[in-house]
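J.: One letter stands for each residue in the lines below.
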Amino acid sequence: MKNKLMEVSDVGRFFRDGMTIMFGGFMGTGTPPTLVKALEESGAKDLTIIGNDTAFADTGIGPLVTNGQVKKVIASHIGTNRSTGQRMIEGLTEVELVPQGTLVERIRCGGAGLGGFLTPTGVGTVVAEGKQVIEIDGREYLLELPLRADVALVNAAVADTAGNLRYRLSSRNFNPIIALAADIVLAEAGEIVEVGALAPDDVMTPAALVDGLIKGAA
Amino acid sequence: MKNKLMEVSDVGRFFRDGMTIMFGGFMGTGTPPTLVKALEESGAKDLTIIGNDTAFADTGIGPLVTNGQVKKVIASHIGTNRSTGQRMIEGLTEVELVPQGTLVERIRCGGAGLGGFLTPTGVGTVVAEGKQVIEIDGREYLLELPLRADVALVNAAVADTAGNLRYRLSSRNFNPIIALAADIVLAEAGEIVEVGALAPDDVMTPAALVDGLIKGAA
Amino acid sequence: MSPKELIARRVARLLNDGDVVNLGIGLPTMVANFLPEGVDITLQSENGFLGIGPITEQDVDLVNAGGQPCGVVTGAAMFDSAFSFALIRGGHVDACVLGGLQVCQNGNLANWMVPGKMVPGMGGAMDLVVGSKKVVVAMEHCAKDGSSKVLKECTLPLTAVNCVSVLVTELALFEFVNGAMVLKELAPGVDLATVQERTEADFQVAFDLKTMEFDSAELKEAAQ
Amino acid sequence: MSPKELIARRVARLLNDGDVVNLGIGLPTMVANFLPEGVDITLQSENGFLGIGPITEQDVDLVNAGGQPCGVVTGAAMFDSAFSFALIRGGHVDACVLGGLQVCQNGNLANWMVPGKMVPGMGGAMDLVVGSKKVVVAMEHCAKDGSSKVLKECTLPLTAVNCVSVLVTELALFEFVNGAMVLKELAPGVDLATVQERTEADFQVAFDLKTMEFDSAELKEAAQ
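Chains as they are written, first to last, in this note's numbering: chain A, 1 to 218; chain B, 1 to 218; chain C, 1 to 224; chain D, 1 to 224.
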């Protein structure tokens with residue numbers, strides 16, 4: 001299997017202005033700090049970022065918003081990062097709020113080659129605006145469409161050099177889902193092991209999905 | 001956490017004529033042998049069974065079909081069990097053939113509270129007959145609907161007494177998916193351990209989904 | 001007993017042994033402290049696990065749905081966010097307890113946004129109230145300015161329509177049955193007139209209207 | 001070299017280093033034996049893993065998509081069937097190789113059913129041909145009765161429409177480009193007239209029509 005390990009300095013070349021970037025994490029837990037830092041330092045701007053939330057002003061994906069690198073946020077929650085709300089009000093950053101279950105399912109949909117799905121979540125609310133309502137067996141559902149990205153930034157606890165990943169506790173969250181939904185998948189892991197050190201049943205994201213891997217802080 | 005462990009002799013009470021039963025397994029690998037035997041011995045008839053295939057005449061779910069307990073089969077493949085094909089031709093058992101990816105996704109959909117999903121699989125084939133075609137971004141998709149069951153029969157490698165389950169190698173297949181899609185979930189595991197022996201990151205199906213657990217053959 | 005504690009204690013007694021429960025941030029989180037003896041519930045955290053427990057040692061990879069460090073019970077199980085919301089939307093959560101900004105008489109809930117003021121996002125709330133078997137709203141009856149939060153019609157953006165099963169405030173407990181809002185219980189020392197006065201919604205009064213029950217040990221504990 | 005071996009050897013050379021590949025049952029399975037030196041591919045098994053390998057010791061829990069005992073390579077990863085088909089439909093499989101009953105000139109494939117005769121079910125084939133980046137059909141050019149399996153229009157129930165990327169038979173290799181079927185290569189010792197005679201489909205002939213290349217080591221090995 002190919003060795004996917006690279007230096008942090010190799011990562012910058014994947015980022016361009018105007019890209020759509022997905023990131024794992026829930027209020028920063030499970031967001032890859034080194035990859036986010038590399039994206040920050042790349043100076044790429046006009047980004048669309050997709051993830052559960054924008055964390056805090058100085059943790060997780062937060063700094064990217066604060067820095068003004070982000071044109072649009074697609075998230076379920078922006079309340080903990082004041083800069084996101086402020087930039088939204090000032091018209092500097094567009095924010096699309098999506099219910100968390102719908103958000104992660106739209107990402108899964110994009111990664112799984114599905115054209116959309118029907119969810120009861122959001123029926124009769126502002127979330128339904130502009131969406132097709134389809135009735136199945138007398139219950140109304142919204143037709144929600146897939147989300148994909150150019151690059152996904154994934155945080156793992158352990159990775160083998162081929163890119164098989166394993167997550168730990170609640171830092172798993174969106175990570176295994178975004179790993180299917182982007183053209184380029186970059187992963188960061190606190191611990192890098194030899195191929196074979198992760199048993200096949202212990203792998204949570206198969207190596208075939210990972211394009212590049214860096215060693216992060218343990 | 002509740003202890004879900006029961007005797008095989010307690011299992012028969014869950015089965016009734018006319019029920020819909022989902023089962024894990026791929027050509028018998030990962031189908032719970034003891035639970036299938038209990039269903040067979042319960043004598044429940046006119047069953048609808050949902051699973052990837054009908055295995056072989058004498059393995060996996062096969063014997064149930066051969067015995068005439070099954071009114072309808074929903075599966076992706078029946079070729080390895082001659083009795084299924086024969087009963088279909090004789091008009092004794094109805095067979096609904098569903099592409100494997102669509103089948104498992106319909107089950108996931110039923111377990112995940114979604115009303116349906118759009119798949120490109122089957123467009124322009126007999127699978128599309130009677131189904132709504134929805135165009136998204138210029139590509140055609142079939143609207144496929146959820147599947148649920150009264151009882152799911154799950155096969156695990158290891159279970160704790162609360163019902164946390166872990167699968168092994170290719171016997172995982174449909175098992176973790178059907179565990180969300182039935183009113184009653186019965187699991188069989190070759191090895192039963194104390195609660196706490198499975199680390200939280202090693203659990204593949206949470207105990208909360210499992211209603212009853214039996215010790216199967218190791 | 002503070003109003004919030006009263007609400008949390010009453011909600012705790014709505015939960016059944018064996019239930020899988022999702023508790024929202026704030027007041028709902030307090031419910032876990034007041035479970036009756038012998039009631040074993042499993043707490044779901046929508047960021048990806050079943051079995052929230054008391055924190056023993058802080059672990060950077062283990063936070064609850066409020067982003068706060070937490071612990072897990074023995075027998076906990078971790079999963080990804082897609083699985084977590086499959087559980088939530090798929091009816092595998094027996095009850096969720098959420099705070100509310102407004103509840104109206106047909107069971108609509110508004111709890112995620114005040115236009116022009118507070119736009120944090122809905123997080124997992126919309127999925128939780130649509131998917132949980134029982135939706136309990138735990139909130140104070142009136143806003144700080146004294147206006148009722150229990151309305152004929154919600155004026156704030158909705159979280160979901162017809163979703164509330166039970167509303168518990170420091171004054172009363174209402175159930176929503178077949179589209180009707182029914183007053184089932186009064187808080188200790190509260191009379192019907194007070195509830196009527198502080199409630200804008202039209203509601204029915206149960207034939208067997210009761211006073212909320214707390215067992216004596218509980219009251220004694222609360223008094224301390 | 002038997003017709004089947006020739007097909008398998010030619011298909012093997014269509015695969016690129018680093019590809020994730022799904023090989024169907026029968027002839028396609030043979031492809032794994034003929035990978036060129038230095039081409040490292042990962043084999044997907046749609047029943048739930050990446051990294052099929054040679055069988056070392058039989059394990060009751062480890063079978064391939066044909067239900068046969070198999071092995072795994074170092075670095076293999078297991079998953080459930082929903083994930084497996086997310087990989088397949090989601091474009092994460094670079095190439096799939098399947099057998100065919102009929103292929104027609106617009107790239108339709110029929111390979112799962114002969115009404116009134118063989119109704120085994122489509123298994124994962126319909127998802128594989130819709131989702132894989134490249135769909136290679138590996139089949140003999142004519143049926144046992146000598147009739148062409150490469151048709152103007154398929155007469156058997158379809159697996160999918162416009163799905164075939166490349167068709168490899170013991171006579172020729174065709175590519176399907178923008179709805180057109182193009183003859184790109186002839187098998188060694190086969191002339192265009194023979195292909196035309198045994199093909200019902202209308203096809204274009206590539207300007208740079210070539211003879212299939214096999215390296216000398218390969219031919220030597222095959223001759224033994």
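Among the clues, some could well be false.
[As the list claims (entries may be wrong)] Facing chain C, a subset of chain A residues (Cβ under 7 Å, in silico):
hint, residue
1, Met27
2, Thr29
3, Pro33
4, Thr34
5, Thr48
6, Ile74
7, Ser76
8, Leu97
9, Gly122
10, Ala128
11, Gln132
12, Arg172
13, Phe174
14, Gly190
15, Val193
[To be verified] With a straight-line cut-off of 25 Å between C-alpha atoms, the simulated PhoX-like cross-links for lysine-lysine are:
hint, chain 1, residue 1, chain 2, residue 2
16, D, Lys152, D, Lys184
17, A, Lys2, D, Lys152
18, C, Lys117, A, Lys71
19, D, Lys134, A, Lys4
It is worth saying that the hints were derived from the structure and are not from the lab.
Being a predicted model, the structure only gives us computed values, none of them experimental.
Every residue, glycine too, gets a C-beta built ideally from N, C-alpha and C.
J.: Compare the structure with each hint and give your call.
T.: Status of each hint after checking the structure:
1. With its C-beta approaching chain C no nearer than about 3 Å, Met27 of chain A sits inside the 7 Å limit, and its interface hint holds.
2. Taking 7 Å as the C-beta cut-off, the interface hint given for Thr29 of chain A holds, the closest approach to chain C being about 5 Å.
3. Because the smallest distance between the Cβ of Pro33 of chain A and any Cβ of chain C comes to about 11 Å, over 7 Å, the interface hint for this residue is violated.
4. At its closest, the beta carbon of Thr34 of chain A sits 15 Å from a beta carbon of chain C; the interface hint therefore is violated under the 7 Å criterion.
5. For the restraint placing Thr48 of chain A at the interface with chain C, the shortest Cβ-Cβ distance is roughly 17 Å, beyond the 7 Å limit, so the hint is violated.
6. Hint status for Ile74 of chain A relative to chain C: violated, with the closest Cβ pair at about 11 Å, above 7 Å.
7. This hint holds: Ser76 of chain A has a C-beta 5 Å from the nearest C-beta of chain C, less than the 7 Å allowed.
8. For Leu97 of chain A, the interface hint holds, the least distance from its beta-carbon to any beta-carbon of chain C being 5 Å, beneath 7 Å.
9. Here the hint on Gly122 of chain A is kept, as its CB sits about 6 Å from the closest CB of chain C, short of 7 Å.
10. The closest approach between the C-beta of Ala128 of chain A and any C-beta of chain C is roughly 10 Å, which is over the 7 Å cut-off, so the hint fails.
11. The beta carbon of Gln132 of chain A comes no nearer than 18 Å to any beta carbon in chain C, farther than 7 Å, and the hint placing it at the interface is violated.
12. For Arg172 of chain A, the interface hint holds, since its Cβ comes within 7 Å of a Cβ in chain C; the closest pair sits about 5 Å apart.
13. With a cut of 7 Å, the hint placing Phe174 of chain A at the interface with chain C holds, because the nearest CB-to-CB distance is about 5 Å.
14. Against a cut-off of 7 Å between C-beta atoms, the interface hint on Gly190 of chain A is violated, since the closest Cβ of chain C lies about 10 Å away.
15. Because the smallest distance between the Cβ of Val193 of chain A and any Cβ of chain C comes to about 18 Å, over 7 Å, the interface hint for this residue is violated.
16. Between Lys152 of chain D and Lys184 of chain D, the direct Cα distance comes to roughly 18 Å. Compliance with the 25 Å bound is thereby established for this hinted pair.
17. In summary, the hint linking Lys2 of chain A to Lys152 of chain D is not supported, as the alpha carbons are separated by about 42 Å, beyond the 25 Å threshold.
18. In summary, the hint linking Lys117 of chain C to Lys71 of chain A is supported, as the alpha carbons are separated by about 22 Å, within the 25 Å threshold.
19. Only pairs whose Cα atoms come within 25 Å are accepted, and Lys134 of chain D paired with Lys4 of chain A is accepted, the gap being roughly 24 Å.
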